[in-house]
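A.B. asks: Sequence:
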Amino acid sequence: MKVEFIPDKQLSKDVIELDIRASELTPNVQNLISQLINLDNRADIIPIKEEDCVIILKPSDIIFVDVVSNELLIYTQNKTYQIKERLNRFSERLGGYDFVQVSKHALVNLNHLISLENSFSGNMLAILTDGHQTDVSRKYLSLLKQKLGI
3 MKVEFIPDKQ
13 LSKDVIELDI
23 RASELTPNVQ
33 NLISQLINLD
43 NRADIIPIKE
53 EDCVIILKPS
63 DIIFVDVVSN
73 ELLIYTQNKT
83 YQIKERLNRF
93 SERLGGYDFV
103 QVSKHALVNL
113 NHLISLENSF
123 SGNMLAILTD
133 GHQTDVSRKY
143 LSLLKQKLGI
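In our numbering, each residue's number is its place in the sequence shown (first place is 1) plus 2.
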């Protein structure tokens, strides 16, 4: 990959213009475009509502998110939070942070991913920090590998 900065005095100081050039629109190019678009949407904090208060979480503290019985479980290093929210909505709130969907019911923070191991059913098992584990379904494995660059 070649990166070059070209100053353009005709642009105002708060405008950044990017051109991406490649021989074809590959999944890697699409991934790069998606990451650049999501940089503006990246959340610095994620407020979640518990019974009688609002908890402020940093996305970097979230290890993974899992759906169990119509509830969203948010696993952090210190505590597990249980909220009523759809997984896709919560994923949008994360705004392109380093999370990837690994199954129909789970998101994983790539910064907390330690390893991937083979599982019984042909799926993979994601080993995460603090001993957490979650299944990676075959359907989502290629997306995870793409995000990891493998």
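A few of these clues could be false.
Straight line, CA to CA, 30 Å or less: simulated BS3-like cross-link-like pairs of lysine-lysine [unchecked claim]: (1) LYS4 x LYS81; (2) LYS147 x LYS106; (3) LYS141 x LYS15; (4) LYS149 x LYS106; (5) LYS106 x LYS86; (6) LYS4 x LYS51; (7) LYS60 x LYS81; (8) LYS15 x LYS4; (9) LYS86 x LYS15; (10) LYS149 x LYS86; (11) LYS106 x LYS81.
Quick list of the computed label-pair ranges, beta carbon to beta carbon [as the list claims (entries may be wrong)]: (12) ARG91 x ASN113: 46 to 52 Å; (13) ASN72 x LYS15: 45 to 51 Å; (14) GLN135 x ARG23: 24 to 30 Å; (15) LYS11 x ASN113: 35 to 41 Å.
Honestly, the hints are just simulated from the structure, not real lab data. All C-beta atoms, glycine included, are put in the ideal place defined by N, C-alpha and C.
A.B. asks: All hints are to be evaluated individually against the structure, with a verdict given for each.
C.D. replies: Now for the hints, and whether the structure bears them out:
no.: 1; hint: LYS4 x LYS81; verdict: 42 Å, violated
no.: 2; hint: LYS147 x LYS106; verdict: 17 Å, holds
no.: 3; hint: LYS141 x LYS15; verdict: 43 Å, violated
no.: 4; hint: LYS149 x LYS106; verdict: 17 Å, holds
no.: 5; hint: LYS106 x LYS86; verdict: 17 Å, holds
no.: 6; hint: LYS4 x LYS51; verdict: 44 Å, violated
no.: 7; hint: LYS60 x LYS81; verdict: 13 Å, holds
no.: 8; hint: LYS15 x LYS4; verdict: 24 Å, holds
no.: 9; hint: LYS86 x LYS15; verdict: 42 Å, violated
no.: 10; hint: LYS149 x LYS86; verdict: 28 Å, holds
no.: 11; hint: LYS106 x LYS81; verdict: 23 Å, holds
no.: 12; hint: ARG91 x ASN113: 46 to 52 Å; verdict: 22 Å, violated
no.: 13; hint: ASN72 x LYS15: 45 to 51 Å; verdict: 48 Å, holds
no.: 14; hint: GLN135 x ARG23: 24 to 30 Å; verdict: 41 Å, violated
no.: 15; hint: LYS11 x ASN113: 35 to 41 Å; verdict: 38 Å, holds
When each numbered hint is compared with the structure, violations occur for hints 1, 3, 6, 9, 12, 14.
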